[in-house]
Amino acid sequence: MSSFDENDAFEAASRPSLAARAMAARPAPYLDELNPAQREAVETMDGPVLMLAGAGTGKTKALTSRIVHLLNTGRARPNEILAVTFTNKAAREMKLRVGRMLGQTIEGMPWLGTFHSVCVKLLRRHAELVGLKSNFTILDTDDQIRLLKQLLTAEKIDDKRWPARQLAGIIDGWKNRAWTPKQVSSAEAGAFDGKGIELYAQYQTRLRELNACDFGDLLMHVVTIFQKHSDILEQYQRWFKYILVDEYQDTNVAQYLWLRLLASGHKNICCVGDDDQSIYGWRGAEVGNILRFEQDFPGAHVVRLEQNYRSTPHILAAASGVISGNAGRLGKELWTDLPDGEKVRLIGHWDGEEEARWIGEELESLQRGRRTEKGQSLETMAILVRASHQMRAFEDRFLTIGLPYRVIGGPRFYERLEIRDAMAYFRVVTSPDDDLAFERIVNTPKRGLGNVAQQKIQLCARKHEVSLLEGAKHLLAENGIGGKGGTELRKLVEGFDRWIAEARSERLSHMELAEIILDESGYTGHWQNDKTPEGPGRLENLKELVKALEQFENLQGFLEHVSLIMDNENEESEEKVTIMTLHGAKGLEFPNVFLPGWEDGLFPSQRSMDESGVKGEEEERRLAYVGITRAERLCTISFAANRRVYGQWQNALPSRFIDELPEEHVDVLTPPGLYGGGYGAAAGGAPQMEARATKADAYNSPGWKRMQARANERPTGNPRSSRHLTIDASAISSFTEGERVFNQKYGYGVIVEVDNDKLGISFDKAGDKKVLASFVVPADKAGDVPF
DNA sequence: CACCCATCACATATT
DNA sequence: GTGATGGGTG
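In this note's numbering, the protein residues as written are 70 to 856.
Source of the hints: derived by calculation from the structure; they are not laboratory data. Ideal Cβ positions, reconstructed from N, Cα and C, are used throughout, including at glycine. Don't take every hint at face value.
[Said to hold, decoys possible] For each label pair, taking beta carbons as the anchor points, the in silico distance ranges come out as:
1) E534 with D465: 49 to 59 Å
2) I214 with V714: 17 to 27 Å
3) G517 with A546: 37 to 47 Å
4) V821 with E464: 33 to 43 Å
5) G116 with E603: 34 to 44 Å
[As the list claims (entries may be wrong)] Pairs of lysine-lysine, PhoX-like flavour, derived with a Cα cap of 25 Å:
6) K218 with K616
7) K532 with K202
8) K164 with K202
9) K264 with K225
10) K164 with K190
11) K264 with K229
12) K130 with K310
13) K515 with K443
14) K190 with K336
15) K164 with K310
16) K553 with K532
17) K218 with K251
18) K515 with K612
19) K553 with K525
20) K515 with K600
21) K218 with K158
22) K218 with K264
23) K616 with K158
All chains, please: the whole structure from these sequences, using the hints.
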């Protein structure tokens, strides 16, 4: 009990000032700003509440008002409220808004955070109950895979046939369901060649030896503790008087159990979510959790937020047309007061590059101001893609035309090679037992310590039952290693001793220490001598890393932060258009949204449908719904008939979701190139892109018919029945040597060589080229196709 | 042991 | 097209 009370997270927050001040401020002006539904959700404070909040219905506003109301009415002190979100961004936003409503910052809400960060706090307190020390390290996916690889090698399992990645996925799945190795269902016995469960047990043992956790463990361990130690659970049940959960539709089984355990006392739990926006099934989220809420918490108060403040009626109607294709929804009807605005625009393109080019032009025209409109900032515009590899085409295009853009969710700062290396050095300094970190950097930069030498260190460490760093010392003492490697290893080990002592003495600031570590270890020098074009950038990143340390007390605190917060939102001043994935865009809104790549196989993703069938398709459909509902004023959907996949040209059909867009809310634009416009004619004629046509027209256009015809010519029959992103079989060998052909890029030419779908062509102007057959048409048909 | 080149699998989304 | 891996060479 005493240690419980000494918890600084509780203590620091217990200062009376905030709660007292909040209570003194009795009047509740924030209530007047809510609509009736929101107000009901805020004022129903006791007992279970389910807030079904459609996109753009003021969910965060209701949630933060509820927190403020709980404080304001004296129901709870700030540190007695547990509020969990999925992303750090959402947590930050909530903190900010609660603070603003209260008129002060709220450092006093220690239990407002992501599931993972709250769990880390809990687990540090009770780590010994699951066999860990409270200073355990948190492994990221990379470390996880490396560890599993080691296990596989030790078990002599061929990691070609049975890749560590796959095992990691299986184990993650089990952890998402809060299954410890002993609890894994017998139905899973066959997993990973029948060795899955055994390997899982070994992996957990290894993690304990390393005093480490992976992401899944954070939740699972806490659930285990709650289940096994009722006294601890009861303390927390009493402590957390009110529980709030954001994005409830994204909770997995472990999170669900965690919440149910904590709420089972007073049942003051308020879950906010939207079953139509559940898009994380692939990482274990269970829509069932939200669908079942009323059974789990009998007497639950269900509030629907249906007034949308974000999007125009056309956009809402388009979104609801798509989502209505899903079965088993809780059902909501969004409505809005806003004026009609523009219809959702739909446009097809010949290939991905043209799509990027067209969107680039659209962005510029929005920026300049279309027709009578005023120009808009690039900040109002976003391109939301299904898969991150789609981003590349846009980056390429925007670089050439000099359009400023920002990619969110690309390779993140803290996942970069040099940052991870540098952090591995810091990890060894702060916890010398961190073998995974040590392993990562023993030979980075190159110290002449290859496989053989590293094996020796491993063996020596195991012999003495010590960490790798200690093992290396023993090895040196025993003269087990000589030559260049030996000298270098000695230098490294001595370096670590020095840095560790330096860190303990606290004489230097941790920033200075970090610089010394990177310099003396030769890591900075390694990149200074690097002659690849990335070298300077990497050095730059290392500098930024040291700068980022400034905000933290010490290296330890920094590492903890990084392991949980892998985002990197540096504030920039320049206006930029945003490129991000649909998943990343959830919770955001933009006046102008572009949704490219709506092709069957890409979106909905083939893999999702192969793996999860109808459920997968429904999740993809929700993703489409999320995409459309991000738009406030203008939403533009596009697709391309041809796209490069794995560097190969493939053709595709428009997404099935396009057929589900209600026609009366959609404006079909004519692509540049149809009706004789585009490539040849555009030079002389007016730009075609604003031309109006109906959806049917676009599908009936010559170019479109040809695309369809090509797809249907394939011998596989029904084009909807199998993969759509495949090589266009009709194009293969349909050309012969000597035939005269036309290609968009190179103009007219004669075929000199046929190699399956690749043609060698001697062009009149461009010379000899290799071109894919699907990119070429007979010269006499050049007018028919959308070139 | 480091470096170079050929080969291969590959890329749905994230804490 | 990219990044990881493995075999051969210096």
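Hint numbers contradicted by this structure: 3, 5, 6, 8, 13, 21
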